[in-house]
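Asks: From first to last, the protein sequence lines are chains A and B.
Going by this note's numbering, the first sequence opens with residue 1, and the numbers climb by one from there.
Going by this note's numbering, the second sequence opens with residue 387, and the numbers climb by one from there.
Mixed in with the good hints, there may be bad ones.
In silico EDC-like links for lysine to aspartate or glutamate, alpha-carbon gap of 20 Å or less [what the hints assert, rightly or not]:
(1) Lys352(A) to Asp648(B)
(2) Lys576(B) to Asp370(A)
(3) Lys310(A) to Asp571(B)
(4) Lys301(A) to Asp614(B)
(5) Lys533(B) to Glu482(B)
(6) Lys251(A) to Glu190(A)
(7) Lys740(B) to Glu326(A)
(8) Lys462(B) to Glu779(B)
(9) Lys407(B) to Asp622(B)
(10) Lys33(A) to Asp204(A)
(11) Lys245(A) to Glu326(A)
(12) Lys576(B) to Asp350(A)
(13) Lys525(B) to Glu593(B)
(14) Lys533(B) to Glu479(B)
(15) Lys229(A) to Glu190(A)
(16) Lys352(A) to Asp614(B)
(17) Lys745(B) to Glu326(A)
(18) Lys618(B) to Asp350(A)
(19) Lys525(B) to Glu479(B)
(20) Lys574(B) to Asp350(A)
(21) Lys407(B) to Asp564(B)
(22) Lys740(B) to Asp291(A)
(23) Lys574(B) to Glu317(A)
(24) Lys342(A) to Asp571(B)
(25) Lys576(B) to Glu317(A)
(26) Lys117(A) to Asp171(A)
(27) Lys301(A) to Glu215(A)
(28) Lys523(B) to Glu509(B)
(29) Lys533(B) to Glu589(B)
(30) Lys352(A) to Glu609(B)
Just the calculated beta-carbon pair ranges, DEER-fashion [as the list claims (entries may be wrong)]:
(31) Asp448(B) to Ile335(A): 44 to 50 Å
(32) Glu589(B) to Gly169(A): 31 to 37 Å
(33) Ser86(A) to Lys667(B): 35 to 41 Å
(34) Gly211(A) to Lys692(B): 20 to 26 Å
(35) Thr300(A) to Pro599(B): 38 to 44 Å
(36) Lys618(B) to Ile339(A): 22 to 28 Å
(37) Gly353(A) to Gln465(B): 40 to 46 Å
Residues from chain A that keep clear of chain B, each with C-beta distances beyond 10 Å, as calculated [claimed, not checked]:
(38) Pro32
(39) Gln65
(40) Pro144
Calculated from the structure, these hints are not laboratory results.
Where a beta carbon is used, it is the ideal one built from N, C-alpha and C, also for glycine.
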Amino acid sequence: MKKLFLTMAALFFMMPVCASAEGQAPVVVEKPKEFVVYVDKNSRDNHYIPSGWMGDTGDIKMADQCAENPHGGATAIKFVYSAKRSQGQGWVGVFWQNPPNNWGNKKGGFDLTGMTKLTFWARGAKGGEVIQKFMVGGIKGMYPDSAEIELGPVELTDTWQQYTINLAGKDLSTISGGFSWTTTADLNPEGATFYLDDIKFEADPAMKPEGKKRESMPFYIYADRSTSKNHFIPSGYMGDYGDIKYEGSSKDNPYLGDTCIKINYSGKRVQGAGWAGIFWQNPANNWGNVDAGYDLSKATKVTFWARGEKGGERIEEFKVGGLMGEFSDSDNATIGPVILNKDWTQYTIDLKGKDMSYIFGGFCWSANSDNNPEGATFYLDEIKYE
Amino acid sequence: MLAACSLFFLTIILGAASRAKPTVFIKKLKNKHYQLIVERKPYIVKGVCYSPIPIGGNHEYDWWSDTSKPWMIDGKMMQAMGVNTIRLYQTHENTEEVKTVIRDLYQNFGIRTILGDWLGFWEYPCPFYGDKRFQDKVKASVLDMVKNYKDEPGVLFWILGNENNYSCLGAVNPWSSDEIDKEPDPQKQKAMKSEVYYSFINELSREIHKIDPNHPVAMGNGELIGLDAANKYCQDVDIVACIIYRGKTFGNLFRSLRMTFDKPILLAEFGADAYDAYLKKEDQNMQAFFLESQWRQIYENLANNKEGEGNCIGGTMFEWSDEWWKHAPDNPDSWKAQDTESNWTNGSYYFDIKAESNKNMNEEWFGLVALSQEQEFGMNKRIPRKAYYVVREFWKNPTLEVKKKVKK
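Isolated chain A, as found in the complex (with noise of 0.2 Å):
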């Protein structure tokens, strides 16, 4: 009896000895796989929430859990862009964040380390619909993400296409905006509809960290007005902002294609500077706030076709780069002043020995009104570095 007191005892106090030895041994935590952003209407693995709508969001219409086609599952998700610029913004696009509304104001989001890829599904109504692109992360404030990359500008087709964004060796230790998608009204000017599904990131050992781009050439900032091809955001008005009209689907005689930018410079001094002037920048509003400069190393010039109304309007300088900020262009590069001619001429910026390899500044025109007292209208197609 004492020896089975005495037993029962030993192993008594041993059982929290092996107990604990057991925790001390090493525990082999599977890291997830897959993180899932949205894969159907009500699933339990969905996370973040497409509350973040930007731009004219008077344009959007959202359907969480629409039957027609979806990839998997049971729904995807619809969204049907107006393009009728409600705000005035003249683009639009949805946040998916956590908690919800969340931007950068309070302390949220995921740590999603390990994961090296998002992929996602989509398609278009029609086909031939502009993304102008897709974003992990990059919300800003008090409690910024710790990456923002992006893919874009997305043509969708009319089936699904399943696209990915490139995660490996980012940081992506705090992400409040899981996911998000923009476009702009120039991209789609008779709006877009558009199906996503199969939202997720995952952990994929094959990815490997991207180098910087070298973008290959030619590389537009402007072909036709819904187009991919094109690049930079005409959103810097500068000077007097409200002397300007910006049209960037004329169909008043594109010099190539079907439409042209058409530029309308009234000259009445409406904020009082005397001049005005409009940037294309990379992405929309950014004056050297956000890391995004495009590698153009591979542009010797950039080229563009002007032609005046009347002829003999005076721009007093097309310029490429020269933003500077937080992060500014590496190098800039000006003409004028131009006169330009009642026809389409092409003008050349050259950029030999210039440094191109980052430019969020893309293209910029400026004029005064001293120099154009009654105005000046304009316009300007097939503008690319090559």
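Use these hints to put chain B onto chain A, whose structure you have.
Replies: For chain B alone, kept in the frame of chain A given last:
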């Protein structure tokens, strides 16, 4: 025989004398880097732009004849900081007073002086660089300066103009000539003006070299604008003295200069103001952050640094002390108060770019030392800002690696 020997040695002596190195010159090294040599030693310009206007005065204030000698107080503080050079934009009509300032600074504190001339840039109605009479007048003024001060041991070199090249674009103080006006193409007009302007600078440089072989000639230039023309018409200048306000980095400035106009560069005006126009309060950290970063880039591009272009010889920060008249130069009442309004915008100084109308550059707050209403030694008391100490420490121990600890 004796006569022949004497003649032989005299020839050698005279030959050696004629080959004697100038007191100050630019040396091009084998690796194509540039060094400023002063009395046979490499010299890094660690300078400030100097304009000691007291509270209540404006640019017309005659500080040269100020009996309290502000440069003596400033010189002592500069010496303690490590400043070895001041830049003066223009000399004064009283040559003895100018010499006194140069000598006082050099003899007491070892501080050398860069002397400049505006080249008539601010004359009314505008600087007619295409007009022979105007050119002759400017030339006389410049050569007088050189003749008057070339033998002063404290003189480092000459700077011609400041941002006068902007007048060729028509942006500031526009000028023209009958011949230029006949040209209908504005781009060609611009090119014609640049040719006239830079050819004139070249002529001035050659004339200076004739009468003063001991000091280099620098050309003031706003940014790198127009230097492709300078490359054609202005090869006789020795140094480009650029005015650059690009925030925390000079970007590709040094490389770009190397490719367009291969001359050594002095950052003749750069810096940051110490007032946050967005938060509407003084921010000494902001100024110190920018200045330290700028000096780091200057050092990276000095000669014999493999990482840089090797074409920088130093810089003169804008500026030593605040000037309270600058925001409203025509309103004497405002000279008695330090204005917090801003005149211009520059996105490179991004901390306060969200200020109203993005106007974030506060002209009256660029000083390394602030001015106090309190009098000390018969002048406004100088109060060093944080940048004074940060740059001082950088010069003592110039580390080129960016500190991990972000100050701002």
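Asks: Any of the earlier hints contradicted here, and which numbers?
Replies: Result: hints 11, 21 and 32 break, sorted rising.
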